[in-house]
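The numbering of the sequence shown is the numbering used here, which starts it at -19 and goes up by one.
Keep in mind the hints are simulated off the structure, nothing from the lab. It cannot be assumed that every hint is accurate.
Below are the SDA-like pairs computed for lysine to any residue, each with C-alpha atoms no more than 20 Å apart in a straight line [claimed, not checked]:
no., residue 1, residue 2
1, Lys201, Asn52
2, Lys201, Ile181
3, Lys223, Asn24
4, Lys111, Ser158
5, Lys201, Ala45
6, Lys223, Val167
7, Lys223, Ser287
8, Lys201, Asp46
9, Lys248, Met57
10, Lys223, Asn292
11, Lys201, Asn35
12, Lys223, Ala213
13, Lys201, Asn44
14, Lys201, Asp39
15, Lys201, Pro135
16, Lys248, Thr53
17, Lys223, Pro212
18, Lys223, Ile30
19, Lys248, Gln26
20, Lys248, Asp288
21, Lys248, Glu62
22, Lys223, Ser115
23, Lys248, Phe227
24, Lys111, Asp147
25, Lys201, Tyr49
26, Lys111, Ala157
27, Lys248, Arg63
28, Lys248, Thr284
29, Lys201, Ser191
30, Lys111, Arg177
31, Lys248, Asn292
Pair by pair, the computed Cβ-Cβ distance ranges are [to be verified]:
no., residue 1, residue 2, range
32, Thr284, Pro194, 38 to 48 Å
33, Asp147, Asn52, 38 to 48 Å
34, Asn133, Ser158, 16 to 26 Å
35, Ala193, Ala112, 36 to 46 Å
36, Pro72, Asn131, 11 to 21 Å
37, Ser115, Ser216, 14 to 24 Å
38, Asn255, Ser234, 12 to 22 Å
39, Gln26, Arg209, 17 to 27 Å
40, Gly197, Ala218, 35 to 45 Å
Every residue, glycine too, gets a C-beta built ideally from N, C-alpha and C.
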Amino acid sequence: MKTFLSRSCLKGIRAINRPVHLAVLSCGILLSPVFRAQSSQLTNVQTVFIIVMENKGWDQIHGNADCPYINNTLLPMASRAERYFTPYDLQPSEPNYIWLEAGTNFGILDDELPAINHISSTNHLVTQLEKAGISWKTYQESYNPNDDPRNDNRPYVARHNPFVFFDDVANDQARLASHVRPYSELVADLQRNAVARYNFITPNLTNDMHSLAPGSGSKEKQGDDWLARELPAILSSATYSNKGALFITWDEDSNGPIGLILLSPLAKGRGYSNNIDYTHSSLLRTLQEIFGVGPLLGDAANATDLSDLFLNDRLRL
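Could you build the full structure based on these sequences and the hints that come with them?
Pasting the structure below:
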């Protein structure tokens, strides 16, 4: 199995200044245990929502007065990871979104469009889900369904939509149209109890803390305000109440851990936090364990899952 890092193996994995969960034999080659289902008591997560924010370390969010909703509303009822890192200090955004889908960056180390950085591999999460009969959808804010999602139409950008980089999704127009949807459809889907089991949500460039809006003084406040407006629709839904799980994370930061927040009726919650080393590979492994699909993808095979954030430390398989 290959985990495509390249550029001199990211210069010695940035001098090994981040948690490394791989047994590296040579640049890009790793040991991969066989996928095994856990047993015993299970949390039985039924529906997953993931929201990916942009370019902030946890020290820029936790305790920041510009993030009152995150700090004063979400964290007291959530579980969180204090040591959740970008894998291998990987930058910029695009390879991290792809990593969340496949456990590897396929050698991509820039933010080029899918026309350049398209991926022929079918070894990625949503293809596993479809083969298992599990529904999925991505809700992309400011995406116009009349446009080609492989191209930027700001404030929507393709680099924050990992699915359009995979040829088996992007080159199948029916598949693309049914799974890549405008974020504006989410509320109606929640009200109709018609969301998929796996839902990947990307705010637009001004709402994900990436770009400063005209007249605004804080990217963090823009993102926090968006979460305060948008999350109640998810958290008050029947889908979430029925064993749903909402993960909020950030794509990358160069100076330390990034945030990982879990909200779920099945989470330990009540402000629980741990100091276990995690990366995006941990989130991917957790998703594969929740949905019971394998084999484990790329670096997910060597990562610690997020089960400690749940009530009984077990995930449904």
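Tested hints:
no.	hint	verdict
1	Lys201 - Asn52	13 Å, holds
2	Lys201 - Ile181	19 Å, holds
3	Lys223 - Asn24	7 Å, holds
4	Lys111 - Ser158	16 Å, holds
5	Lys201 - Ala45	9 Å, holds
6	Lys223 - Val167	18 Å, holds
7	Lys223 - Ser287	15 Å, holds
8	Lys201 - Asp46	5 Å, holds
9	Lys248 - Met57	9 Å, holds
10	Lys223 - Asn292	13 Å, holds
11	Lys201 - Asn35	14 Å, holds
12	Lys223 - Ala213	16 Å, holds
13	Lys201 - Asn44	9 Å, holds
14	Lys201 - Asp39	15 Å, holds
15	Lys201 - Pro135	17 Å, holds
16	Lys248 - Thr53	16 Å, holds
17	Lys223 - Pro212	16 Å, holds
18	Lys223 - Ile30	15 Å, holds
19	Lys248 - Gln26	17 Å, holds
20	Lys248 - Asp288	8 Å, holds
21	Lys248 - Glu62	15 Å, holds
22	Lys223 - Ser115	16 Å, holds
23	Lys248 - Phe227	14 Å, holds
24	Lys111 - Asp147	16 Å, holds
25	Lys201 - Tyr49	9 Å, holds
26	Lys111 - Ala157	18 Å, holds
27	Lys248 - Arg63	17 Å, holds
28	Lys248 - Thr284	18 Å, holds
29	Lys201 - Ser191	11 Å, holds
30	Lys111 - Arg177	14 Å, holds
31	Lys248 - Asn292	8 Å, holds
32	Thr284 - Pro194: 38 to 48 Å	42 Å, holds
33	Asp147 - Asn52: 38 to 48 Å	44 Å, holds
34	Asn133 - Ser158: 16 to 26 Å	20 Å, holds
35	Ala193 - Ala112: 36 to 46 Å	40 Å, holds
36	Pro72 - Asn131: 11 to 21 Å	18 Å, holds
37	Ser115 - Ser216: 14 to 24 Å	21 Å, holds
38	Asn255 - Ser234: 12 to 22 Å	21 Å, holds
39	Gln26 - Arg209: 17 to 27 Å	25 Å, holds
40	Gly197 - Ala218: 35 to 45 Å	38 Å, holds
In terms of the numbered hints stated before, the structure departs from none.
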